[in-house]
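Q: In case you want the letters, here they are:
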Amino acid sequence: MLKTPAPPDATKQTKPIVPYLKLGETDAPYLEGLRCSSCNAVFIGARDRCSQCFCDDLTPFQLSDTGRLYNWTIVYRNFPGIRVPFISAVVDLDGGGTVKGNLVDIEPDPGMIKFDMPVKLVYRPVDATDAEGNLYVSYFFVPAQSTGS
Amino acid sequence: MTDVCIVGSDMTRFGRYPEQNVPGIGAQGALLALKDAGLSIKDIQALYCGNQLEAKAMSGQRILHLIGQTGIPVVNCANACATGATALREGWIAIKAGLYDLVLCVGVEQMGRGLLGGTAAPNGIPVEGLLGSGTMPAVFAKVGMEHARKYGTTFEQFAKVSVKNHFHSQFNPKAMYQKPAALEEVMGAEMISYPNTKLMCSVNVDGAAAVVLASAKKARELGLRSRAITIRASTLTSDPYSERDLVMHDFNACTRLAARHAYEEAALGPEDIDMVELHDCFATAEIVHYENLGLAKEGEGATLIETKATYNGGRIPVNVSGGLLSKGHPLGATGIANICEVVSHLRGEAGSRQVQGARIGLTHVVGIGSAASVHILERAYP
Numbered sequence: 001m002l003k004t005p006a007p008p009d010a011t012k013q014t015k016p017i018v019p020y021l022k023l024g025e026t027d028a029p030y031l032e033g034l035r036c037s038s039c040n041a042v043f044i045g046a047r048d049r050c051s052q053c054f055c056d057d058l059t060p061f062q063l064s065d066t067g068r069l070y071n072w073t074i075v076y077r078n079f080p081g082i083r084v085p086f087i088s089a090v091v092d093l094d095g096g097g098t099v100k101g102n103l104v105d106i107e108p109d110p111g112m113i114k115f116d117m118p119v120k121l122v123y124r125p126v127d128a129t130d131a132e133g134n135l136y137v138s139y140f141f142v143p144a145q146s147t148g149s
Numbered sequence: 001m002t003d004v005c006i007v008g009s010d011m012t013r014f015g016r017y018p019e020q021n022v023p024g025i026g027a028q029g030a031l032l033a034l035k036d037a038g039l040s041i042k043d044i045q046a047l048y049c050g051n052q053l054e055a056k057a058m059s060g061q062r063i064l065h066l067i068g069q070t071g072i073p074v075v076n077c078a079n080a081c082a083t084g085a086t087a088l089r090e091g092w093i094a095i096k097a098g099l100y101d102l103v104l105c106v107g108v109e110q111m112g113r114g115l116l117g118g119t120a121a122p123n124g125i126p127v128e129g130l131l132g133s134g135t136m137p138a139v140f141a142k143v144g145m146e147h148a149r150k151y152g153t154t155f156e157q158f159a160k161v162s163v164k165n166h167f168h169s170q171f172n173p174k175a176m177y178q179k180p181a182a183l184e185e186v187m188g189a190e191m192i193s194y195p196n197t198k199l200m201c202s203v204n205v206d207g208a209a210a211v212v213l214a215s216a217k218k219a220r221e222l223g224l225r226s227r228a229i230t231i232r233a234s235t236l237t238s239d240p241y242s243e244r245d246l247v248m249h250d251f252n253a254c255t256r257l258a259a260r261h262a263y264e265e266a267a268l269g270p271e272d273i274d275m276v277e278l279h280d281c282f283a284t285a286e287i288v289h290y291e292n293l294g295l296a297k298e299g300e301g302a303t304l305i306e307t308k309a310t311y312n313g314g315r316i317p318v319n320v321s322g323g324l325l326s327k328g329h330p331l332g333a334t335g336i337a338n339i340c341e342v343v344s345h346l347r348g349e350a351g352s353r354q355v356q357g358a359r360i361g362l363t364h365v366v367g368i369g370s371a372a373s374v375h376i377l378e379r380a381y382p
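Just so you know, the sequences run in chain order A and B.
Using my numbering, you'd call the opening residue of the first sequence number 1 and step up by one each time.
Using my numbering, you'd call the opening residue of the second sequence number 1 and step up by one each time.
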């Protein structure tokens, strides 16, 4: 699986891979969503109005770190440098919100992956840095039976 | 409002033409359609040009530089894989509005090989392969997997779509590939994104397709009514809100909306349609669109392919051109090429692949992001 990157030097930062992943100083990492106060639709990422009911009262909230596998594919062919195969998964989070990510710690085998299987979010460093050498943390899905890390 | 007719229609053979360029390929398509109508660029009052990958490059004007600079208005359109259909619809709108009575619509694309899509990184590091996949094969694999989730659709059923469309392409001299592929060959090909193998992905090709549109009055004046095809409906939608569309493009909702509007506009139903060219960018998509377009009841899309109802000669032939899977998919040209295919059948000029007795046909495209367009065409004279 993913290797832990070399220890950062003091000038480098550890950043979230996407803005909706929040890395607290002391708290555990979590994903943030927006909930529409009028129709309860949940969105990931910034927006001006609710897409469903157009109201402007959207409140940030902490998304659950558990959910169920709504959809998936196993990606065998990708761009140069990207390790394959991997499972691209769509997960409905408990309490609302749907996110996409890699399902890991399970064989990328169509016979092993079940719709609606419970999954848990884990947060792990990725072995890639940006042009300035900053480190990144991403979220992954693991089968809920697994302890993850 | 006036009826709008297609009075000229043709396309280049789809293939790989690395020694050519977008305006050159587009000019060939434009000249073919003009020739089909027996008209010249001097007769044309406006040009609507669809091209996706060089959207900023004034492709329409550069086509005119090659075939005649008459000073007419040119509109360049990009709308992902709905680009060609969007350009055509702009021409249709202009004639409906009474602004012009003779316009040219061209769709053209020159493609590289390999994967399209992927997830862009606005800042930081690329997320493709870390936060799932945004490649086209992965996106459309999930379209099929959602159908599998609901109805138990199998890898083999999706593969049968590719077998059908490759079979059909043998009879289309304009198709990139013109050879059949057996089920074992389709299922045994390199797996790209489960359940789509390489033979279940559309082919990246170069090509152009074009139509000349006329008001019904103008078509009569020009003596072009005998081969004219009436556009009974032209619809375009964007993606209405749906629950998971932030992470899973919803091609169903926009297609259903476009189809509903089209059937209303034409005062027709799916049972009235004799043939369909739909957006089989991946084999997984075709079965889903059977239901989206009302050709099959909910959950019964796979039955259509299992019973061969969508083969030429079946109850509702779909993609007798060979579809995007075998004819090829030059993005901006696709939404006009499928119109050209239906036109040739409605005129009774489709040769060995003629859908017998075809009088009304439907075309459909979707563009990721998203856009859907449906056109319904009918022979103007019985």
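No lab work stands behind these hints, which were simulated from the structure alone.
This structure is a prediction, so every number in the text was calculated from the model and none was measured.
In this text, a Cβ means the ideal position worked out from N, Cα and C, and glycines have one as well.
Treat the hints with caution; some may be incorrect.
Interface residues of chain B toward chain A, partial, derived using beta-carbon atoms under 7 Å [claimed, not checked]: (1) 124; (2) 125; (3) 132; (4) 138; (5) 150; (6) 171; (7) 189; (8) 192; (9) 194; (10) 238; (11) 246; (12) 248; (13) 257; (14) 272.
Q: Checking against the hints above, which ones are violated?
A: Structure breaks hints 5, 6, 7, 10, 13 and 14.
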